[in-house]
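J.: Please build the complex by placing chain B with the ligands on the supplied structure of chain A, with the hints as guidance.
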Amino acid sequence: MKDFIIRNKRAYLLISIFIFIIIWQISSVIVGPLIMPSPIETIKTLAYFITQPDFWKDIAISMGRGVLGFFLAVLIGTPLGFWMGLREEIEAFFYPFLVLTQTTPTVSWLILGWLWFGTGDGAAAIFIIWIIVIPFIIVNVMEGTKQLDQQLMEMAKVFRMPLKKKILHFYIPQIFPYWIAGCSIGSGLTWKGVAMAELLTARTGIGAAMGVARINLEIAQVIVWSGILVLLGYGSSILIKRLEVVFTKKWR
Amino acid sequence: MLILNHVTKEYDDVMVLKDFSFSIEKGKIYSILGPSGCGKTTILRLIAELEKPDKGQIELRGQKVSYVFQEPRLLPWETVRKNLELVCPKKESKKIEQLLELMELKEYSDAYPKELSGGMKQRVSIMRGFLYPHDILLMDEPFQALDLKLKAKLIREIYSLHQSMGNTILFVTHDLDEALLLGDEIIILSPKPTSIVKRFTIDASQKERGLENMQSIKEDMTKILNHASI
Ligand SMILES: Nc1ncnc2c1ncn2[C@@H]1O[C@H](COP(=O)(O)OP(=O)(O)O)[C@@H](O)[C@H]1O
Ligand SMILES: [Mg+2]
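Chains A and B, in that order, give the protein sequences. Under the numbering used here, the first residue of the first sequence is numbered 1, with each subsequent residue one higher. Under the numbering used here, the first residue of the second sequence is numbered 1001, with each subsequent residue one higher.
Among the hints, a few may not be true.
Label-pair distances were calculated between CB atoms; the ranges are [to be verified]:
| no. | chain 1 | residue 1 | chain 2 | residue 2 | range |
| --- | --- | --- | --- | --- | --- |
| 1 | B | 1145 | A | 64 | 51 to 61 Å |
| 2 | B | 1071 | A | 79 | 26 to 36 Å |
| 3 | A | 64 | B | 1098 | 55 to 65 Å |
| 4 | A | 192 | B | 1115 | 40 to 50 Å |
| 5 | B | 1011 | A | 97 | 34 to 44 Å |
| 6 | B | 1015 | A | 92 | 27 to 37 Å |
| 7 | A | 75 | B | 1185 | 48 to 58 Å |
Bear in mind the hints are in silico, worked out from the structure with no lab data behind them. Just so you know, these numbers come straight off a predicted model, no measurement behind them. Heads up, the beta-carbon is just placed ideally off N, CA and C, and yes, glycines get one too.
Just chain A, with the same shape it has in the complex (with noise of 0.2 Å):
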């Protein structure tokens, strides 16, 4: 029964691409292919794209900007949330930092990014997916912080365990499902981001790349990167699912 279940949901699926295919292809025939290509035209451009070094190169360099803002809002963002999560005056002092990278919309980002950094190396796309993802860290690891178990810490305390063995054995179990959802949510920004981010701040990347088939009114290509961006997303997201699973099973 339940075999035939997932075997179901599976077939579900394929047929949901499926029709999906064929809307695609339904609504290429209606509107022209100037302004929609065909799903056919559309793996075309894709067969030659990957034949193509700059291809690969735009990917890689995205890839690039993206894991390292990314990282940086990680490295940054993690220590920082257990600080304010902590202690309340230290909550209080980044407390306007805090609202002021959740709130500002992205496009202001955008555009003081390509002010600051320029159009150079891709500084004010790490710069904005930086920006964009540090505010989810902060909150979920504070949150987290604040979750702790106190009569555990009094446990420690009493113990006198040694900063080490807290690390270990106290915060990083406790915190871990906050932060690994803070990264959830920051990794489907951070592939959303790097491409606009890149649109109006570089002359390489993904995002620079979508700009120049955007001028030359090429729309099978700017599909194909859009799929490429897909992948980047669902791909992460599927990794830091795996994480998530054999560290919860580790410390459940």
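T.: Quick look at chain B with the ligands alone, frame taken from chain A:
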């Protein structure tokens, strides 16, 4: 030796301790009896430096404190053995094995706390209290979730561990028999703001002869306890 020196402790508007002093001697077991909510846990928390007194001093004179909490407080993501190892500054595998045997938990050393019953968790917590190097051991109603037979056994084991270690034990309970079986001295507290109503000394010969020979003390205490909780 004074340990609480004219201590006052208030929570919000509740006065729990008012000018409370308490002295102990090194190497003895003190059973602390008192009505629920009178401040027994508060006294232990003050000694463990988990609370600060509003007035007065806690005088530990460099003595290290270990604690068996009212709740087991085990790390759910660590095994029984790991929970015990964590409080040991050095490797103590031999001692841990011995204690596990003593507490009838040998088969459970690799189990996680959620696989244990309430009484088993409580026993792990008692072991942890003894393993952590200390001069004073605080125990807050440690036998709560245990059946009578096991409780009697544990009391004997704790007594012999105490004799080989020479530690001072402050043992909070609301069970008169427990208090008599384990304590060298029984301290009876009044409702809050609490004060010491009476201290009874139980000498070793009395203890050896067992509960049946402590009937008269028990009657005295029951009277005082009944009076105190009114
Ligand atoms: N953190 C706290 N905040 C407010 N009141 C408290 C707190 N801890 C204890 N109390 C109050 O102090 C009194 C003594 O508590 P406690 O020491 O736990 O009593 P016991 O252990 O003797 O039952 C109780 O009336 C309790 O309600
Ligand atoms: Mg209590």
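J.: Provide an ascending list of the numbers of those earlier hints which the structure does not satisfy.
T.: Of the numbered hints given earlier, the structure breaks none, since each of them holds.
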